[in-house]
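All chains should be built: construct the whole structure from the sequences, respecting the hints.
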Amino acid sequence: MKKSVKNKILVTGSAGFIGFHLVKKLIGRGDEVLGLDCINKYYDVNLKYARLKETGIDKENILPNKKIKSSKYKNYSFIKTQLEEFTIIKYVLKSFKPDVVCNLAAQAGVRYSIENPFAYINSNILGFINLLEAIRESPVKHFVYASSSSVYGLNKKMPLSVSDNVDHPISLYAASKKSNELMAHTYSHLFGIPTTGLRFFTVYGPWGRPDMALFIFTKSILEGEPINVFNNGNMVRDFTYIDDIVEGIIRVIDNPPSGNICWKGETPDPATSPAPYRLFNIGNSCPVKLMEYIGAIEEILGKTAVKNFLPMQLGDVPVTHADVTHLEQAVGYKPSTPIKEGIKKFVEWYKNYYNL
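Basically our numbering = 1-based index in the sequence shown + 1.
The set of hints was computed from the structure by calculation and includes no laboratory data.
Treat the hints loosely; a few may be bogus.
25 angstroms max Cα-Cα, derived BS3-like pairs, lysine-lysine [to be verified]: (1) Lys42 with Lys220; (2) Lys304 with Lys290; (3) Lys142 with Lys75; (4) Lys157 with Lys335; (5) Lys142 with Lys25; (6) Lys304 with Lys352; (7) Lys308 with Lys345; (8) Lys81 with Lys95; (9) Lys98 with Lys142; (10) Lys142 with Lys68; (11) Lys98 with Lys73.
Derived Cβ-Cβ restraints for the label pairs, each shown as a range [what the hints assert, rightly or not]: (12) Asn261 with Lys75: 15 to 23 angstroms; (13) His169 with Asp270: 15 to 23 angstroms; (14) Phe192 with Lys67: 26 to 34 angstroms; (15) Leu127 with Lys42: 13 to 21 angstroms; (16) Asn309 with Tyr355: 19 to 27 angstroms; (17) Glu267 with Leu127: 32 to 40 angstroms; (18) Arg112 with Arg137: 32 to 40 angstroms; (19) Ile115 with Glu342: 31 to 39 angstroms.
Even for Gly, the Cβ is constructed at its ideal location relative to N, Cα and C.
Structure representation (structure tokens):
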């Protein structure tokens with residue numbers, strides 16, 4: 002497998018959970034990286050600023066739409082801006098001239114999309130088309146973007162495959178990610194832009210998002226507060242450790258797609274195209290029952306959770322299980338971090354970060 006290093010890579014969402022870890026890995030291997038993030042208030046901005054500080058970007062130096070250099074890494078710079086600012090995004094592409102754009106910026110959260118739908122249209126749809134249009138004017142070798150396992154919606158055939166139809170999302174968040182895949186294909190077809198969409202499955206690990214289950218459960222158990230267990234605990238998730246996600250992203254970055262010459266319109270495969278377009282699942286492919294997951298957290302913390310059993314939440318699905326066959330075949334990689342190992346690393350980080 003060819004491995005490309007010392008590329009110029011634009012990473013959007015670089016103050017986010019996955020973006021932060023990806024930036025660290027890319028700058029560590031020698032790529033020249035420019036990070037973009039709007040640092041919105043969806044969750045604690047202090048955590049986002051702390052991530053940025055880890056990469057040498059100090060809060061005091063950040064000004065809107067101004068590029069600043071990392072104090073730790075000579076090959077990393079950062080701009081606080083929004084994807085909705087088309088003029089700025091166009092300028093960034095033209096001036097930085099990236100080889101690869103990796104779009105991890107998005108309004109996240111399934112349940113938040115039910116109450117705040119326009120946040121998803123602005124960030125996930127308008128922001129995405131702005132990137133595509135900017136790339137159209139300033140071509141790149143590869144456009145990689147975050148999709149989500151949420152696109153599978155009402156699908157019940159397990160494991161979930163990128164070759165399956167995904168026309169029944171059950172949240173606007175999922176619909177926005179499905180829309181991104183369709184938009185990317187259109188630009189791959191019309192303008193030959195190599196695009197790859199990555200459907201992430203329940204990512205967890207150090208520096209994780211406070212709205213995700215592991216963070217919520219750990220915080221509540223340590224504080225002696227009850228945890229909400231939805232669908233009465235009858236949930237199964239393909240929890241995927243952050244390092245596995247990042248390794249998958251990097252391998253995909255280094256392998257831009259070409260058109261599938263065997264693709265047939267009579268039997269269309271959603272995962273590929275005659276255009277330079279691909280979709281991949283990145284998941285552990287080893288689903289875990291929610292109650293077992295909670296049990297592992299309790300064991301590592303040495304405390305038993307007070308559980309508040311509740312019905313299924315609106316927009317949620319009972320089971321996720323990733324088929325990662327396409328990823329294995331394309332880049333020779335499959336996530337494999339055991340769940341207890343990943344939880345242990347998160348708990349160690351959590352206690353250290355909050356000085357517990």
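Here is how each hint holds up against the structure:
1. Lys42 with Lys220: Between Lys42 and Lys220 the Cα gap is close to 20 angstroms, so the pair holds against 25 angstroms.
2. Lys304 with Lys290: holds, 19 angstroms
3. Lys142 with Lys75: Cα-Cα ~23 angstroms, so holds.
4. Lys157 with Lys335: At roughly 22 angstroms apart (the allowed maximum being 25 angstroms), Lys335 and Lys157 satisfy the hint.
5. Lys142 with Lys25: Satisfied, since the Cα-Cα distance of roughly 21 angstroms is no more than 25 angstroms.
6. Lys304 with Lys352: holds, 14 angstroms
7. Lys308 with Lys345: This hinted pair holds, its Cα atoms lying about 21 angstroms apart.
8. Lys81 with Lys95: holds, 17 angstroms
9. Lys98 with Lys142: At roughly 11 angstroms apart (the allowed maximum being 25 angstroms), Lys142 and Lys98 satisfy the hint.
10. Lys142 with Lys68: holds, 23 angstroms
11. Lys98 with Lys73: Judged against 25 angstroms, a Cα distance of about 23 angstroms means the pair holds.
12. Asn261 with Lys75: 15 to 23 angstroms: violated, 40 angstroms
13. His169 with Asp270: 15 to 23 angstroms: Holds: the Cβ-Cβ distance is about 18 angstroms, inside 15 to 23 angstroms.
14. Phe192 with Lys67: 26 to 34 angstroms: holds, 31 angstroms
15. Leu127 with Lys42: 13 to 21 angstroms: holds, 19 angstroms
16. Asn309 with Tyr355: 19 to 27 angstroms: Taking Cβ atoms as reference, Asn309 and Tyr355 lie about 23 angstroms apart, which means the hint holds.
17. Glu267 with Leu127: 32 to 40 angstroms: Once the Cβ atoms are compared, 35 angstroms apart, the range 32 to 40 angstroms for Leu127 and Glu267 holds.
18. Arg112 with Arg137: 32 to 40 angstroms: Between Arg112 and Arg137, where Cβ atoms are some 34 angstroms apart, the hint holds.
19. Ile115 with Glu342: 31 to 39 angstroms: The hint (31 to 39 angstroms, Cβ to Cβ) holds, given that Ile115 and Glu342 are roughly 34 angstroms apart.
When held up to the earlier numbered hints, the structure conflicts with hint 12 and nothing else.
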